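First to last, the sequence lines map onto chains A and B.
Numbering of the first sequence is given in this note's numbering, commencing with residue 1 and proceeding in unit increments.
Numbering of the second sequence is given in this note's numbering, commencing with residue 1001 and proceeding in unit increments.
Hints were generated in silico from the structure; no laboratory data involved.
All values reported here derive from a predicted model rather than from experimental measurement.
Only true hints are included.
Only some residues are given here: those of chain B computed to face chain A with a beta carbon under 7 Å:
# : residue
1 : Tyr1106
2 : Val1116
3 : Gln1128
4 : Ala1249
Stretch by stretch, here's where chain B covers chain A in the computed footprint (C-beta under 8 Å, at least three residues):
# : segment
5 : 108-117
6 : 241-254
Per the computed footprint, the stretches of chain B lying under chain A, defined by three or more beta-carbons under 8 Å from a beta-carbon of chain A, are:
# : segment
7 : 1086-1093
8 : 1223-1234
9 : 1254-1264
Idealized CB from N, CA, C, for every residue including glycine.
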Amino acid sequence: MKRFFLKFPHWFFHYALLSLIALICIFPFWWTLVTAISTEGNLFEFPPTFWPQGVSLENFSEVFRVIPILAFYRNSLLITLATVVGKLVICSLAAYPLSRMQFRGSKLILGIILATMILPSEVNFLVNFISMTRLGFVDTYTGVVLPNLVTAVSILLLKQAFDEVPQDLLDAARVDGANEWTIFYRIVLPLITPWLATVGILTAVEAWNDYIWPSIVIAKPEDFPLSAGILYLRGTYGSSTRVIAAGTILTVAPILVAFLFTQRFFMRGMDGAVK
Amino acid sequence: MKQRLSATPIAYLFLAPALLLLAAFSFWPVFYGSYLSFTDFSLIRETHWVGLDNYRALFENAMFLTGLKNSLLFLLVVPFTQIGAISLALLVNHQLPGMRWFRAAYYVPVVTTVSVVGIMWGFMFHEQGTLNYVLLKLHLIAAPLGFLSDDVLALLAIMFVSFWRGLGWYMVMYLAALQSLPSEMQEAAILDGANRWQRFWRITVPMLYPTIMVCSIMSVLAALKAYQEVDVLTQGGPMNSTFTALYYAYDQGLKHLKLPRGLAASFVVSVCCIGIAFVCLKYLKPRHRE
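Use the sequences and the hints to build the structure in full.
In structure tokens:
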């Protein structure tokens, strides 16, 4: 046994273990991709197909035929963009005074914002749906976006970013007679661009992936975002596994590509959350 | 420092949009929702106060009680996720080639929307699916299992998917914490002849304690509130055996339009969550290091 361990260096086992776990994380995606681009091979028969057979894009064109997937893409993009822009504006506005201004009740306000992290928010949508009905925002993207514009985590991350800006810069600007808005907009905000990017990307993923709330607010299936639309595809074309697989690939592809290019922002976002 | 009090109105102008939205969509639902859970509210009728009727009905309802039991069983996911995530973070916290790609691979499930996760694992769990094939080949089972059609296995399958989704998220949290630990103590311990095992238990774990705490509490709350996985995998079936408490709230409130009943259920879950968070924060405060 000992000789065996000596023959195979330590790093071999290290990589073997890492690869096995990676396989468990990635395999469902691989299987779905293989199923989507294949037209032949076993489907729910032993042995399963692990490599594409009879490759064609037929299943994808079928997706385009049976559901308005281009509309889903547009809807997802619209919701995501609106959420990201809205959240960055509103949360950075809120984080600035909490970090850089001394005012009456600042501790209380911070406490109130923190309290929303403990509040049971998971099923807020039950009441939010009533509110949206009363406000007349049912079946509109305003209704989808509004409740997702402010989160305590984003405010805290941005507050932390503002905290890191040197006080001298602000003092100098005040001496020159700049008002708070100018300091905020012209001096401090440009300095925290990397943090804005982090919050923006985390928000984009959340908004793109949210499926429960949009499917509650939006009544017409053609107005669904992708995440809700894909379940609609499964609901209406339940029997055609390959078409559903193709739709699934079309849904995850953009987010996975975006993730691979912006990995470092995810790691940094977490860093702030722990502190 | 030398701020004038005239800053106050300006500060509130900056804060106003965020506070308004929080009030409308975070606080109002909690208070108004709790109130509605004591009424017979419906969008088409007049509302009447019914006292504890909804709660009484809740605790006489077999579906809700199953849900509550399942939500508690869901806590079993927590130790697996946390220990798995710490181990994974230690495994990828090396300066070896390719680590960046492994980290990315483990994080992919986190950035995937739940609806897609549900569809993909539906494929995997199929009676003639890959998972059954692998288990058969390894001679772990004699005949294919109905992962989503057997009442006990279905809940386990949902819990596994929840574990699968959470692993990467907590791994990144631990990884960030590991990388911010000062290395002097490790180096001193190496000089003193401490082995890997001792260094892990005597240095790394105590220094990670605050992170372990935060992650465990988050994980416990997430487990108690799990319902999206149920929605995309089984919708509570087979025979209502995979209901969780919050899925019951969702199911009653939105699918059956019994809003007060759903709100009462969610209120019960919330009270449990707040209670647990409070206990954890009180008794598990990070120990002071000498």
